[in-house]
Amino acid sequence: MRIAVLALQGAFIEHEQMLQELGVETFEVRQLSDWQQPKDGLVIPGGESTTQTKLLHDLGLYEPIRQAILDGLPVFGTCAGLILLAKQEDGHPREGLGTMDIDVCRNAYGRQLGSFHAVAPVAGIGEEVPMTFIRAPYINKVLSPSSQVLSVVDGHIVAVRQDHQLATAFHPELTTDYHLHQYFIEQICQTPS
Amino acid sequence: MKEDRQALNRQLAQMLKGGVIMDVTTPEQARIAEEAGACAVMALERIPADIRAAGGVSRMSDPKMIRGIQEAVSIPVMAKCRIGHIAEAQILQAIEIDYIDESEVLSPADNIYHIDKTKFDVPFVCGAKNLGEALRRIAEGATMIRTKGEPGTGDVVQAVSHMRLMQSEIRRLVSMSEDELFEAAKQLQAPYELVKFVHENGKLPVVNFAAGGVATPADAALMMQLGAEGVFVGSGIFKSGNPQKRAAAIVQAVTNYQDAKLLAELSEDLGEAMVGINEQEIELLMAERGK
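For the protein sequence lines, the chains are A and B, in the order given.
Sequential numbering from 1 applies to the first sequence in our numbering.
Sequential numbering from 1001 applies to the second sequence in our numbering.
A portion of the hints provided could be inaccurate.
What the simulated footprint calls covered on chain B by chain A, stretch by stretch (three residues with Cβ under 8 angstroms from a Cβ of chain A suffice, anywhere in the stretch; the number is not a length) [claimed, not checked]:
{"#": "1", "segment": "1029-1038"}
{"#": "2", "segment": "1115-1123"}
{"#": "3", "segment": "1242-1248"}
Just so you know, these hints were derived from the structure itself, not from any lab.
Even glycine gets a Cβ: it sits at the ideal position worked out from N, Cα and C.
Could you build all of it, start to finish, from the sequences and the hints given here?
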């Protein structure tokens, strides 16, 4: 099992550490030559979505990554990663990778003073999943029945799965709870779709 | 509650890693920075090079100007308060700034005490030129550290020496035996618990950026290679010939700081870099403020 971690900007090392502790091999994607290595899945980390989007384009990674996801490559996006995967933002088409049928609201809880920790259930993961929301987005709504809501916090959708794509508005990589990463590896990467 | 804020505030800094934080003075510049890929902007009325040129007392920026920048971009907005100026920090917290830089670039308001940052909900970043300063600021509640460098000069030499010193002091702590840490804490004038953390983890307990004098993609790559987790660029961008292009090039240089071939391409045709002044020519060493 070998997972590519998008390492353009943000908290990618935290994902690598978590995956490595689960016994998964990881490599960083900073440019096209990195991307061309064989891989069983992709993690898009938290960070700034505008920065990551700009770098995807400037480094020629946008099309190859988008195509790979459309072709069925398992992907797990957290926070900025979720924003990149979303097809829409507040009812308008987004310029990100846009492979998931979800409508996202960015900075949905306001500025840094609105950041918070929570513990809530996630379907298929557990009843008490620790969650870290940092200037986080949430999902306004899912846009197709194939996009399955996994978790709702304070009335807002914060985790979804659409076939081989998994996205959370919070950061499991900033906690010590491995269950979401384990779910991604075992239920998505190791399960042929 | 405050402990939880400290954790959240350290975590915001983690999200900024691998990114470039740019000084901006207008909403227009903020938009240019965001489009170029900045992971945050620092809103201030005058960039450090102009603060140097103007002389006199340099204070927190007009909150209205900062609000204008908050409205212009979706990325985090930071702003500076003077060292020890509790009221300026309270004002910045009241306008919901994402990060306060308690900064030696402004005139210090207090020659002895820094702000007790544990009393605030918003996060603080502070400058440090060695490990002792960094750990003292963290003890006071800073959730992000940056080198001081020598701001407004376009001369990276001070940022390099601060980063090198900090990294070598960290390596030294790592190599010590546990019973030597008490004396090390005494010498560093830093709390034992933080010294022990560095000994065990080989890094600061918070994110550490480079700042002060970064002017080119090569400067940014140099700082990353020396162990910075991201870069602040102050005067280097909007004092240069082609801010858009330079800003985007520095953003890419931070991501691919080890790829010299790409850095060569990024360094081409950037127009004029800020002229800069070198360390020997300046009369005011801002890095000596707040120890």
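Taking the hints in turn, this is what the structure says about them:
Proximity of the segment 1029-1038 of chain B to chain A, defined as three or more residues with a beta carbon under 8 angstroms from a beta carbon of that chain, is established by the 5 residues found. Note: the segment 1115-1123 of chain B has 3 residues with beta-carbon separation from chain A under 8 angstroms; the three-residue rule is met and the coverage holds. Counting residues of the segment 1242-1248 of chain B whose CB lies closer than 8 angstroms to any CB of chain A gives 1, so the stated coverage by that chain is violated, three being the minimum.
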